[in-house]
Amino acid sequence: MQFESFAEFINMGGYGFYVWLSYGVTFGCLATLITLSVRKKRKVLIEIAKKMTREQRLKENRGTKS
Amino acid sequence: MKRGISYTAAFMTLLQRDLRIAIRHRGDIFNPLLFFILVVTLFPLGIGPEPQVLTRVAPGIIWVAALLASMLSLERLFKADFSDGTLEQMLLSPQPLSVLVLAKVLAHWILTGVPLILVAPLLAVLLHLDGNSYGALMATLALGTPVLSLLGAIGVALTVGLRKGGVLLSLLILPLYIPVLIFATSAIDAAGLNLAYDGQLAILAAMLVGSLILAPFAIGASLRVSTN
Amino acid sequence: MWKWLHTYADPERAYKLSGTLLPWFACLAIAFIGLGTTWGLLFAPMDYQQGDSFRIIYIHVPAASMSMATYMAMASASFVGLVWQIKSADWAAAAIAPIGAIITFIALLTGAAWGKPMWGTWWVWDARLTSELVLLFLYLGVISLYASFEDKVLAARAAGILAIVGVINVPIIKYSVDWWSSLHQPSTIKITEKSTMTNEMIFPLLINMAGFGLMIGAITLVRYRAEILARNGMRPWVRELATAEEAK
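Chains as they are written, first to last, in my numbering: chain A, 2 to 67; chain B, 134 to 361; chain C, 2 to 249.
Think of the hints as simulated: they come from the structure by calculation, not from any bench. Treat the hints loosely; a few may be bogus.
Said to hold, decoys possible - Now the stretches of chain C that chain A is said to cover, found in silico as 3 or more residues with beta-carbon under 8 angstroms:
(1) 54-64
(2) 96-104
(3) 115-125
(4) 225-235
(5) 242-249
As the list claims (entries may be wrong) - As a list, the in silico DSS-like pairs of lysine-lysine whose alpha-carbon atoms are at most 25 angstroms apart:
(6) C/K153 to A/K51
(7) C/K88 to C/K17
(8) C/K175 to A/K52
Everything numeric in this text was worked out from a predicted model, so none of it was measured. Glycine is no exception: its CB is placed at the ideal position from the N, C-alpha and C atoms.
Take these sequences, add in the hints, and give me the full structure.
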């Protein structure tokens with residue numbers, strides 16, 4: 002362990018702002034990217050399902066008309 | 134089977150056609166040129182009229198303005214042919230697409246690159262370019278603007294089918310222009326300091342030869358994608 | 002000889018294979034990055050010149066080295082897609098591009114945050130920074146070209162051509178920028194001094210580099226699966242999945 006206390010760890014020998022800025026931005030960006038990527042699959046599937054119901058309705062309407 | 138006209142004849146026919154069309158619509162030649170002149174004129178107004186400062190930044194200003202002017206004029210390279218269907222006929226013709234594409238790019242360079250080279254010394258006078266640098270300026274423009282036309286044509290061929298291609302085009306091709314800009318301006322700077330600049334010219338010439346060989350294939354492939 | 006590989010060009014197989022690989026990549030990535038980052042932040046010895054600010058290295062260097070590798074991966078996928086007309090390769094390229102852009106952005110930003118305390122300025126027109134910036138522009142060009150085509154088969158081909166043109170240009174740009182910066186500024190700035198790095202400092206760095214690679218692989222798989230589903234909306238197996246998802 003390089004640091005005596007938690008406060009010293011946060012301070013990073015005076016460079017706390019820069020170190021935590023870079024780590025914060027990095028993990029923030031990555032977290033956003035990962036959540037968006039994981040959610041994308043569900044979004045795509047829901048969209049396909051919607052399209053399917055739309056097609057279904059179209060088919061039924063055509064069936065009643067003729 | 135007879136394949137129609139020879140490659141040279143096809144090349145010349147297309148070149149003459151493009152030149153003739155452009156001469157009938159003179160605005161296409163003059164507008165990029167006017168843009169080039171206007172952009173260069175704006176810089177002294179923004180930076181200030183001190184001759185020393187202008188001498189220092191003149192190569193960069195002229196070259197950046199040339200990049201932008203060439204990019205703006207490129208947008209129309211395939212547009213008209215694409216919308217009236219000529220482009221598809223070209224893709225169907227028995228001559229290889231790269232030959233035809235090369236003719237179109239050459240026509241574009243004659244119409245926009247050459248006037249730009251001719252006007253550049255006048256603008257250099259306005260910007261107090263160092264007396265030694267004129268030769269280098271002309272040489273780099275002569276070697277560099279064809280590279281700009283060739284590389285830019287790839288981007289234009291990729292975006293010709295899109296409705297809003299203009300802004301996208303700049304994002305696609307300006308990064309590819311960076312090496313030309315770097316070597317051209319450094320040759321002019323070196324000439325201003327009375328140093329040898331044949332090394333930079335050699336690299337620009339290498340880029341010209343390289344893009345002359347490779348770019349027509351990329352342009353052809355992109356056109357096939359765009360007209361699909 | 003390569004026949005067995007072609008079976009994975011089938012979207013359903015590719016989808017299932019990436020599904021089996023995903024947990025491995027994800028777990029290993031979390032383990033590696035967790036270990037490397039904790040080690041680097043807490044246990045690695047302080048640099049005697051740069052103090053604790055050097056701890057930014059544990060994300061900056063992995064991000065910077067992966068940004069170039071990711072571009073190569075994307076361009077190779079596009080090349081395979083263009084030459085052999087394998088659509089799954091096109092989808093892989095489309096899945097990688099945004100990840101590469103984010104990684105490049107991280108490399109640039111952490112570089113700036115490291116430069117401020119060390120060089121006294123957020124940005125210098127240093128060769129590496131400049132070529133990294135150009136790389137970001139190339140990524141953004143590929144992404145926006147892919148996004149602007151309605152027909153995604155054409156979009157993948159167009160973006161693929163651009164990515165390959167970019168690969169030819171990346172070394173030229175890198176070389177020209179190196180040469181340009183050596184011309185324009187005295188080389189007072191050295192980003193890394195290899196000799197001052199002890200093993201204690203290097204191990205967490207290597208672990209984090211491997212971790213970033215695995216993480217990029219894992220995110221690629223996630224996006225790749227979504228991309229496969231989006232491009233195969235008409236196939237029965239995707240429709241089954243969609244019905245199951247909607248019922249949830």
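Exercise. Which hints, by number, does the structure contradict?
Worked result: Result: hint 8 breaks, nothing else.
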